[in-house]
Amino acid sequence: MINPLIVLVALSLTVIVIRLRYSRMYNTLYEAVGHRPNEINNRYQFLRNQGVRCRLQNVSSRPGVIVHGSSELGTTIRLLVHKNDLNVAEQYMVNYKRSC
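Convert by adding 1 to the 1-based position in the sequence shown; the result is the number in our numbering.
Accuracy of the hints is not assured; some may be wrong.
DMTMM-like mimics (lysine to aspartate or glutamate), calculated; alpha carbons at most 20 Å apart, straight line [as the list claims (entries may be wrong)]:
| id | residue 1 | residue 2 |
| --- | --- | --- |
| 1 | K98 | D86 |
| 2 | K84 | E32 |
| 3 | K98 | E40 |
| 4 | K98 | E32 |
Quick caveat, the hints were computed from the structure, so don't treat them as lab data.
Being a predicted model, the structure only gives us computed values, none of them experimental.
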């Protein structure tokens, strides 16, 4: 009979390895702090519409932090781009800045 603890440990290690591999596939292209969530969402949608593989990551949330006189949460959001799409995404961001 297989020990359930061994199965649990093996499963946990497998999940950790998969998560590490997945996280290494993406690089940070842009980062925004609490008071600019619309800007990073617009950049994300722009890149997605261009076919760039990207995602948003909520890095931190610190309740009670005051950002520029408001009572917003001190949240940092990262725009992550797949490592194979990074050069294309950077070029799209140059064009994005020009169009704004």
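* To do: For the pair supplied as a hint, K98 and E32, confirm whether the alpha-carbon distance does not exceed 20 Å.
  => holds (15 Å)
* To do: Sort out whether E40 lies within 20 Å of K98, counting only the CA atoms.
  => holds (11 Å)
* To do: For the pair supplied as a hint, K84 and E32, confirm whether the alpha-carbon distance does not exceed 20 Å.
  => Holds, at roughly 16 Å.
* **Distance restraint between K98 and D86, which requires alpha-carbon spacing of 20 Å or less** => At roughly 18 Å apart (the allowed maximum being 20 Å), D86 and K98 satisfy the hint.
Hint compliance for this structure: no hint is broken.
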